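Protein chains: 2
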Amino acid sequence: MSKTIITISREFGSGGRYIGEQVAKRLGFSYYDKDIIARVAEETGFAPEFIEERGEYASRAGIFAYAFESRDRTGASMADYLYSVQSRIILDITDKGPCVIVGRGSDYILRERPEAMHVFICGDEKAKLERIVRLYNKSESEAAKLMKDTDKKRSINHRYYTDLEWGKAQNYTMSLNSSAVGIERCVDIISELAKKL
Amino acid sequence: MSKTIITISREFGSGGRYIGEQVAKRLGFSYYDKDIIARVAEETGFAPEFIEERGEYASRAGIFAYAFESRDRTGASMADYLYSVQSRIILDITDKGPCVIVGRGSDYILRERPEAMHVFICGDEKAKLERIVRLYNKSESEAAKLMKDTDKKRSINHRYYTDLEWGKAQNYTMSLNSSAVGIERCVDIISELAKKL
Numbered sequence: 002m003s004k005t006i007i008t009i010s011r012e013f014g015s016g017g018r019y020i021g022e023q024v025a026k027r028l029g030f031s032y033y034d035k036d037i038i039a040r041v042a043e044e045t046g047f048a049p050e051f052i053e054e055r056g057e058y059a060s061r062a063g064i065f066a067y068a069f070e071s072r073d074r075t076g077a078s079m080a081d082y083l084y085s086v087q088s089r090i091i092l093d094i095t096d097k098g099p100c101v102i103v104g105r106g107s108d109y110i111l112r113e114r115p116e117a118m119h120v121f122i123c124g125d126e127k128a129k130l131e132r133i134v135r136l137y138n139k140s141e142s143e144a145a146k147l148m149k150d151t152d153k154k155r156s157i158n159h160r161y162y163t164d165l166e167w168g169k170a171q172n173y174t175m176s177l178n179s180s181a182v183g184i185e186r187c188v189d190i191i192s193e194l195a196k197k198l
Numbered sequence: 002m003s004k005t006i007i008t009i010s011r012e013f014g015s016g017g018r019y020i021g022e023q024v025a026k027r028l029g030f031s032y033y034d035k036d037i038i039a040r041v042a043e044e045t046g047f048a049p050e051f052i053e054e055r056g057e058y059a060s061r062a063g064i065f066a067y068a069f070e071s072r073d074r075t076g077a078s079m080a081d082y083l084y085s086v087q088s089r090i091i092l093d094i095t096d097k098g099p100c101v102i103v104g105r106g107s108d109y110i111l112r113e114r115p116e117a118m119h120v121f122i123c124g125d126e127k128a129k130l131e132r133i134v135r136l137y138n139k140s141e142s143e144a145a146k147l148m149k150d151t152d153k154k155r156s157i158n159h160r161y162y163t164d165l166e167w168g169k170a171q172n173y174t175m176s177l178n179s180s181a182v183g184i185e186r187c188v189d190i191i192s193e194l195a196k197k198l
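Listed in order, the protein sequences are those of chains A and B. Residues 2 to 198 in my numbering are what the first sequence lists, from first letter to last. Residues 2 to 198 in my numbering are what the second sequence lists, from first letter to last.
Just so you know, not all the hints are guaranteed correct.
Repeated chains share a single entry, so a pair holds when one copy, or any two copies, can fit it.
Unchecked claim - Here are the simulated DSS-like cross-link-like pairs (lysine-lysine), alpha carbons at most 27 Å apart as the crow flies:
| # | residue 1 | residue 2 |
| --- | --- | --- |
| 1 | LYS154 | LYS139 |
| 2 | LYS35 | LYS97 |
| 3 | LYS127 | LYS197 |
| 4 | LYS197 | LYS149 |
| 5 | LYS149 | LYS97 |
For the record, the hints were derived by calculation from the structure and aren't laboratory data. Bear in mind that the values here come from a model prediction, so they are computed numbers and not experimental data.
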């Protein structure tokens with residue numbers, strides 16, 4: 002037995018996306034991340050940037066934004082519609098063979114699948130900041146704001162759609178602090194575990 | 002380099018204590034758990050059962066219990082006193098050589114130690130219940146209540162003394178779901194990681 006679906010949820014700046022790519026390469030799995038956004042865009046006609054914000058991040062930052070969001074006659078908002086298209090695309094992807102999926106709520110959408118393993122990657126503030134400054138070419142204060150805002154949106158969105166707490170160990174098969182464990186060693190551990198489970 | 006201190010925090014019924022014992026055996030480290038309670042009892046004169054409740058669990062279940070707790074003239078409650086003795090004993094232990102410490106707030110007390118690695122063990126409700134029923138000879142409903150109460154107390158106590166959320170991936174080097182990963186494989190992963198870090 003081995004796991005053929007690996008979902009990776011991650012804090013911004015933790016290197017989770019890179020880890021996901023490397024795990025996919027190591028195991029010979031397909032890798033999905035931004036591709037999902039492109040497919041949702043194609044299917045719905047919305048701009049990828051808009052979907053990127055809406056699909057993974059909070060559709061409503063709070064109850065007031067929620068109240069004023071436009072809704073169709075069934076009561077479903079546009080964000081719900083995007084989320085449902087994205088969910089279907091993620092389910093389709095898993096029919097195509099072994100894969101690693103980073104973000105996009107894949108941990109929750111695939112939570113009942115016995116062949117799936119769910120990983121959360123976090124990191125120390127300092128290490129994440131350094132990574133964001135380096136990779137996104139930001140000042141330290143810009144990086145700090147971007148990190149805080151992105152994780153806050155991910156957390157709110159996760160809670161809204163799943164009613165589960167983002168980053169809580171109980172919701173994942175394994176969680177790793179990439180600053181303490183090391184990025185390459187995270188790749189090793191996840192790849193090995195996927196083969197053994 | 003390798004880690005010479007491993008702290009294990011765990012949900013009740015997750016097998017975290019057993020995992021800690023096995024990791025210690027595997028690595029040839031000392032193992033501490035109930036021993037700490039005995040040492041606090043010896044030093045303070047309080048009964049071990051009392052310390053077990055007070056040291057790891059909530060000193061005050063809520064603000065009302067807190068308000069009525071007896072305090073000395075410095076404002077420190079007895080629970081704070083027990084916690085401080087326990088903290089000192091845990092620090093003493095780590096001077097004696099490589100060790101695995103399960104619970105007792107050791108993750109927080111040793112959080113700044115570069116030679117320490119912090120692990121959280123959680124599990125699925127069903128598997129934890131089965132384990133509690135089997136090991137503690139309880140009915141399923143008794144086990145469910147015991148599990149809920151114990152984890153709630155651990156969570157409240159952790160938040161009270163550390164201001165950090167118990168079971169949040171960010172607060173540990175690694176978190177493992179023992180039901181998904183398997184108890185023996187948790188032992189393997191933790192032991193291997195401790196040697197490599």
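Do the hints match the structure? See the list:
1. LYS154 x LYS139: Cα proximity of LYS154 and LYS139: one copy only (19 Å, versus 42 Å across).
2. LYS35 x LYS97: within (17 Å within a copy, 51 Å between copies)
3. LYS127 x LYS197: Between copies only: 22 Å across chains, 33 Å inside a chain, cut-off 27 Å.
4. LYS197 x LYS149: The answer is neither: 35 Å in one copy and 31 Å across copies each exceed 27 Å.
5. LYS149 x LYS97: neither (35 Å within a copy, 40 Å between copies)
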